[in-house]
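Enquirer: One line per chain: the protein sequences are A and B, in this order.
Its first residue numbered 0, the first sequence is counted upward by one per residue in numbering that gives the first Met the number 0.
Its first residue numbered 0, the second sequence is counted upward by one per residue in numbering that gives the first Met the number 0.
Calculated from the structure, these hints are not laboratory results.
Hints may contain errors.
Now the stretches of chain B that chain A is said to cover, found in silico as 3 or more residues with beta-carbon under 8 Å [as the list claims (entries may be wrong)]:
#1 54-64
#2 109-120
#3 180-187
#4 191-202
#5 245-253
From the three backbone atoms N, C-alpha and C, an ideal C-beta is built for every residue, glycine too.
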Amino acid sequence: MRAVSSEKTTPPVLVFWIAAGWIGFCLFPWYMLEDGLWSFGWLFDGYPFDEDYAPALFLVGQGEKLWLAPLLIPLALPLLVLRRPKSDPAYARILILSGALGIVWIIAQGFGIGIRGFTYDWLTALFGELDDRQYGMGYGAMICATAFLFLFTQGIAARGAINGDVFVVSAIGGVIAIVTAFVFFPIARMLFAAFITEDGAYSIAVFFSKFFDDRLWGLGCLSGTRCGAAWNSLFLAILVGFITTVLGLAFALVVTRSGFRHKRALRALTVLPIITPPFVIGLALILLFGLSGTVSEAVAEAFGIQPTRWLYGLPGVLIAQTLAFTPIAFLVLIGVVEGVSPSMEEAAQTLRANKWQTFRTVSLPLMRPGLANAFLLGFIESMADFGNPLVLGGNFDVLSTEIFFAIVGAQYDQGRAAVLAMVLLFFTLSAFYAQRMWLGKKSYTTVTGKGDAGVHPVMPRGLSIPVHCVVISWALFTVIVYGMIVYGSLVELWGVNNTLTFKHYVTAFSIGMTEHGLHWSGAAWDSFWTTIMIAAIAAPLTAAVGLVTAYLLTRQSFAGKNAFEFGTMLSFAIPGTVIGVSYILAFNVPPIEITGTGIILVISFIFRNMPVGVRAGIASMSQLDRSLDESSLTLGANSWQTFRKVILPLLRPAILAALVYSFVRAMTAISAVIFLVSAEYDMATSYIIGRVENNDYGLAIAYSTTLIFVMLAAVGLLQLLVGRVRIGRRMHHATERPA
Amino acid sequence: MKKHTTTLAVSMIALAASVTASQADKLTFYCSAQEDWCQLMARSFEEATGIDVNMTRKSSGETFAQIRAEATNPKGDVWWGGTGDPHLQAAEEGLTMEYVSPMRDELHDWAIAQAESAGNRTIGIYSGALGYGYNTELLASNNLPEPACWEDLLKPEYKGHVQMANPNSSGTAYTTLASMVQIFGEDEGFEFMKGLHANINQYTKSGSAPIRAAGRGENTIGIVFMHDAVAQAVAGFPIQVVAPCEGTGYEIGSMSIIEGARNEEEAKKFYDWALSADSQNLALQVNAFQVPSNKGAQTSDKAPDMSMIKLIDYDFVKYGSSDERKRLLQKWDEDVSTLPQ
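Just chain A, with the same shape it has in the complex (with noise of 0.2 Å):
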């Protein structure tokens, strides 16, 4: 193997690591730039010696944050095992000490120092009043804590972890690193704020007066009161997991198990809900069945009845949500129904049993795994959902919400905000290890390498009418629901005056030509950019950070890989509001100074939708054979070169999958971002929420509309290019979806 001549030499590598932490100290400024990342100005503006922009070399070297200069220890220690050979066990030991050393350091001065001195009293006590005080980290210590990030994984690798190799212990480390940053940080910073006082003091009784409150564990609405948020949230997650199974295992059922002729417009309507932005279904339910929708006055005008509010509140969101919600069980549900072997559904047919006998005693608990997906992708996505309570909840509150206007309103409550949050957390990551529980003791297994002739059988004629009429009246609800959304946006202003119109179109998208050329007049044009730019930019670090980590857990063993796994995917459990209130907490003072910036969002939404990636890499690695990454490095690559050259092109569906899976929800994303967007970066959704508020329904309905549209293309181009690059290799239909 390659070792072998790696023995006598530095692997450049490690001389690349070496000199990125030089160059990061010496060269890069250190601090954030307050003009943004890409800004130059500083070039030439007092480089290397003003303050604002000088390396950390520079500012020791004038005397200034001399709390810096200890870095130089951990920097140039590495320089002692560039003659020696991997094998030393000084090798192993000076990297792990440096790297160690470094990190800690960059860590400890940039908590202990901020932008009022000492950060903490008892440094002020004992080292005195500090009379400086430091920013934001900027270049020169990102490239310096990386530096120090990956001489420790090669020292790790070198004392022999998962064989000395040197790219899955830096892949290791960098994950684990970059999810601790912006998951667990974060999300420790916010359980913090529940122990605040008003002085800012900790105790634990504010925690307890503030998480025993009534208006959270109520129970009023047994006695003709209100209920607490808690479990109306509960309440609702329940019904709706349990709804959408039932409609998206009736429509998986017709889909496969019967002679249908419209199969693939079902199958289209399972793309619906990634594309929808939020509200809109919320908007177009007001619009056919609120006090004055066009439904309501007609069935009031038919019988005489004077129509009520009867949508505002539980039943509004809880259709809402099924209608936003049954598509994605459905999506779940196919691929288990499709996996039911048949040879298992025949050899009870042989066996005499009848077909509901079949369905009942054999498709029915082999399915169950499925279901019970579905049901918790139902609950977890219904305790998330943030726009349609907010649109249809009426005096229903549930915890979404809560949280936010414990923030935004003029209570102003960040203790409060946090302790929904811990309340809405526990409930998503007990559905979570359920889920995972569940699926994780028994064995549904039915298909196997064996070959697999047969079909399935039809439904039973006693199931298969009502589940066709459920089906088919559904998915007309849908179209419908959908047709209105289209509608309204070419309706002056609807309920009031039903003339058709594209001015919505013009104010938004409208386009002028001037003497500089075009003129992106319209009001949207600002926001929507932003956003094309923002889901363009996360879209690519999403799906690479999500394929390595789907790598690793599908190819590599190492210590504590459950507990990596589970932290990878916490994040699709933590809740949109929960993330954006904990970024706003924790990213707005140093040493990550973020809030305000494109950066906040972009990261923001690589960390909820990494975990997508990460289930559609394992999804399609499983189907490859790991013989083939052992035939490559039995014949000499290193598992990097194997990962690029093997495993990699083998992925692209997956690839493409996760790019533009991450490119649309980037678009469509509101709870966490409604906490983020400033000034300078505004997203399409908190500007539609902006119109909504304003009671302009019919821009902020043609600006959703040309949003699906843009997303549809998307979906479109990817089913494209997805169908091209077929791999010569029989595959199972990969439709496991993100759990």
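Model the placement of chain B on the given structure of chain A, informed by the hints.
Expert: Same frame as chain A, now just chain B:
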């Protein structure tokens, strides 16, 4: 490969040069009025001064939350618009900066009084009276009488037809609560809120949501600021605006400079400009019917005529303070919101 690096370097330098060339004065502007008004203010100020404006529109509660979260490291420079209470609270907490504008002589007394009550950390830019509006079509189709006073809203026939915002989440609704306490006295005021509670169909989160719902026909009567109701009527919705006969409270929309603003000079320029008659006249272009604070600014003939409305002597200092606010809200939470409807 080498060719690529050269191109890259050249384009980097070009980019850097263009960035330095275009480096101009800038202002980060937090706006809590309606979107189109915010846009217009930002654009007009850019035209008037050449200063680049970065505008974010969020409700006053959201903006207050943001300024508070950013207190250790302010990102915004000036905060314009939105009801006065959060501005007063921000002043109370030292989140905003003292500034005495040379434009003061041109302002109405109530605008200056607002500034003085907050140690010159904020100033009034417009005012609007509280009232309600109803959807004439829904009222007729339900055969309901036309209300004219606050007391009318307690009549049992309006059950399920009245909407107001939740005082916990909306400044408008808190102003309603505080006004009732000042009009009827504290005990009577809370009795009124209890009676109203029986007729309320929904406590919305946002202050002007009730009248927007009424405009769309999703609700009959909405308790809001009158200028919001007028805006709906002007937009073409069947809304009738009511100035209640017992008299009513009002808000003073305010403006503050954020303490520690990175562009303090530009913020002051904006502040002075926003108090001028010309800039306040911009409100008319976007159907904002508040009363401007500059004596020389025009008012719309569609705007509610402040001289015809019976205004109470609203005590902004007392009812804007955090303690009083907390006490009233807690009382409302415990005594009113828990009652069955």
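Enquirer: Which of the stated hints cannot be reconciled with the structure, identified by number in ascending sequence?
Expert: 2, 3, 5
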